[in-house]
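Asker: Sequence:
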Amino acid sequence: MKSGIRDSAFGQPIETQLKNQKKTPPNMNTKILHGLLALIAVLSAPKLLHAQETLLGIGWIHSSGAVIGGWSPVGTISTSRPNTGEFHITIDAPGEFTGAGIGDFLPQAMTRIGAASDRALTGEVTAVSADSVTAVFYLSDVEDSANPSGPEPVNYSFQFALLRFPAGTSAVPAASRYLLATGSIASNGTLKRAATSDGSTLEVNRVGEGDYHLTLSKTGAYAGFGLEDFYPFATSGNQSNVQDNLPVGTADSKSNDHVLIQFRTADVQNASNDNPEAEDDEFHFTIYRAGGPSPATAESSLLLAMASVQGNNGLLRRSAISLPGANLALERTGPGRYRFTLSAPGRFAGKSMEDFAMQVHLNNSAHIDRIPSVRGMILGADTFEFDVRINDVENAGEAFGVAEDNDFFLTIHDAVPTSKPDLRIGKKPSLTKMKGNNLYNSNARGQKILTSPSSSGLARIHLATENDGNVTQDIRTRGKRGAGLSKTRCFQMTGGKKNVTAAFLAGGTTATSVRPGQVVRYEVRTVLPADSAKIKTAFRFQAGASPLDRAFARIARKP
1 MKSGIRDSAF GQPIETQLKN QKKTPPNMNT KILHGLLALI AVLSAPKLLH
51 AQETLLGIGW IHSSGAVIGG WSPVGTISTS RPNTGEFHIT IDAPGEFTGA
101 GIGDFLPQAM TRIGAASDRA LTGEVTAVSA DSVTAVFYLS DVEDSANPSG
151 PEPVNYSFQF ALLRFPAGTS AVPAASRYLL ATGSIASNGT LKRAATSDGS
201 TLEVNRVGEG DYHLTLSKTG AYAGFGLEDF YPFATSGNQS NVQDNLPVGT
251 ADSKSNDHVL IQFRTADVQN ASNDNPEAED DEFHFTIYRA GGPSPATAES
301 SLLLAMASVQ GNNGLLRRSA ISLPGANLAL ERTGPGRYRF TLSAPGRFAG
351 KSMEDFAMQV HLNNSAHIDR IPSVRGMILG ADTFEFDVRI NDVENAGEAF
401 GVAEDNDFFL TIHDAVPTSK PDLRIGKKPS LTKMKGNNLY NSNARGQKIL
451 TSPSSSGLAR IHLATENDGN VTQDIRTRGK RGAGLSKTRC FQMTGGKKNV
501 TAAFLAGGTT ATSVRPGQVV RYEVRTVLPA DSAKIKTAFR FQAGASPLDR
551 AFARIARKP
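Residue 1 is where the sequence shown starts when you use the numbering used here, and the numbers rise one by one after that.
Treat the hints loosely; a few may be bogus.
What the hints assert, rightly or not - The list that follows gives simulated cross-link-like pairs (lysine to aspartate or glutamate, EDC-like), each with its CA atoms no further than 20 Å apart: (1) K435 x E385; (2) K420 x D468; (3) K498 x D468.
What the hints assert, rightly or not - Listed next, with one range per pair, are the computed distances between beta-carbon atoms: (4) K448 x T501: 19 to 25 Å; (5) K351 x T169: 21 to 27 Å; (6) G65 x T98: 48 to 54 Å; (7) T169 x Q310: 18 to 24 Å; (8) K351 x I113: 45 to 51 Å; (9) F491 x Q310: 43 to 49 Å; (10) I378 x N441: 32 to 38 Å; (11) A130 x N256: 25 to 31 Å.
Since the hints were made in silico from the structure, they are not lab data.
No residue lacks a Cβ here, since even glycine has one placed at the ideal position from N, Cα and C.
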């Protein structure tokens with residue numbers, strides 16, 4: 001079993017460093033104090049990152065209850081199986097859950113199998129303390145001749161994810177270091193939409209009735225990972241009133257450059273027998289990657305919203321949204337029928353319903369034989385409406401699903417990767433004093449500075465290229481110097497000072513694997529000689545390609 005490593009201090013104890021101050025001059029004490037404050041800030045930073053990570057734990061659980069693969073960024077995972085089909089999963093992390101309650105968590109689960117299956121899962125969080133949280137998952141055979149009107153507890157391997165709602169706010173952080181891909185697939189195997197966090201390409205092949213193979217590809221992206229590090233989840237996108245199809249999935253094979261995820265969809269209420277019947281169905285998918293050599297090499301900010309719903313009355317128990325100024329509303333339109341309205345001014349202009357992927361997981365304290373489905377219904381510039389339906393799929397005398405209420409959890413992801421380079425420019429390296437933050441102008445409007453060279457003719461220009469898109473990507477930054485400038489050098493300051501002059505002034509220097517919200521800093525040093533015929537000139541900059549963001553520096557000698 002794998003687990004996250006808790007942060008720890010390093011170097012000399014602070015008490016020792018403070019004691020050593022007595023041997024240093026007074027002016028050095030101030031410097032040491034500042035250094036210690038900086039050290040404390042550095043040591044605190046990882047915990048802030050943990051607090052902002054929605055995913056608390058994820059794993060592949062064997063039918064015996066043992067962990068085949070598991071990962072938690074905050075603590076350790078332990079499991080037990082006290083009864084048939086009943087699995088208890090605990091994440092231990094001292095102090096991590098102080099003040100939290102059982103309603104502050106969102107469990108997800110799906111049978112991990114590469115064949116058609118009629119085994120469904122439901123889960124709930126049952127216990128929370130300051131140091132641990134426990135979720136219980138119930139695995140059921142929902143098509144069993146011994147009990148034609150009810151579920152049958154059964155043991156089988158499955159995968160789970162445990163997310164948490166943000167504490168003290170309704171604004172969920174969109175960023176995740178573990179979400180690898182999300183999207184939706186039509187029943188004929190056509191990929192509707194998909195976003196990958198690291199730029200991997202995704203292809204779908206329908207190899208047979210209800211049998212879909214998703215291949216993620218990127219050179220070297222999967223080296224060091226095992227099959228136990230990939231966790232697919234799926235929810236049916238079928239909105240038939242009698243929907244009775246159940247999707248399951250598994251990580252099937254991998255190499256350094258490819259990973260194959262297999263999903264199977266099956267009719268799990270067939271009057272002729274008590275076995276699943278392979279049947280095509282559209283579905284939404286979400287794939288996490290955890291553990292491995294470095295889970296933070298790629299990041300996304302695709303999570304739009306998450307919610308917990310009380311099924312008998314449609315009460316929105318808890319919700320959190322990453323879109324500024326957005327609102328999520330819910331109406332129960334009938335037994336097992338729920339309509340969500342996600343409102344965000346202008347956010348959905350030019351979008352289609354396929355641009356969003358949703359997961360629904362049932363919340364229950366016992367074995368049940370119900371399955372959910374979800375599908376977008378109406379889309380406008382300001383509003384996105386979608387329906388969740390829950391059906392009982394083992395009902396005596398019925399050949400199709402029957403509407404029935406049930407509590408459930410919901411997540412909504414953006415399934416379209418966006419590129420949005422944001423270039424800032426300034427005379428000083430301070431980000432807050434630079435111009436151009438959140439301006440995306442190809443004409444450099446609002447992103448211009450005027451600077452004067454020193455007596456030696458040297459002018460310094462500071463740049464910051466930020467990834468304002470929603471997935472990790474490479475971003476190219478380049479400059480074009482005006483007439484009269486000489487002895488130009490450019491340095492990439494992020495990740496250690498590096499001279500990138502040749503690339504910067506030619507096609508552009510590329511910062512690789514820039515995560516959403518990450519900033520890459522540059523410093524340009526250029527000379528306007530005193531004997532130059534030019535008393536003023538310009539330096540033009542751009543980040544990205546399509547789209548691109550431009551900035552402009554005018555360099556003028558003082559009269």
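Asker: Could you run down the list of hints and mark each one as holding or not?
Answerer: Evaluation of the provided hints:
| no. | hint | result |
| --- | --- | --- |
| 1 | K435 x E385 | 38 Å, violated |
| 2 | K420 x D468 | 5 Å, holds |
| 3 | K498 x D468 | 24 Å, violated |
| 4 | K448 x T501: 19 to 25 Å | 23 Å, holds |
| 5 | K351 x T169: 21 to 27 Å | 26 Å, holds |
| 6 | G65 x T98: 48 to 54 Å | 28 Å, violated |
| 7 | T169 x Q310: 18 to 24 Å | 21 Å, holds |
| 8 | K351 x I113: 45 to 51 Å | 34 Å, violated |
| 9 | F491 x Q310: 43 to 49 Å | 57 Å, violated |
| 10 | I378 x N441: 32 to 38 Å | 33 Å, holds |
| 11 | A130 x N256: 25 to 31 Å | 42 Å, violated |
Of the numbered hints given earlier, the model fails hints 1, 3, 6, 8, 9, 11; all others are met.
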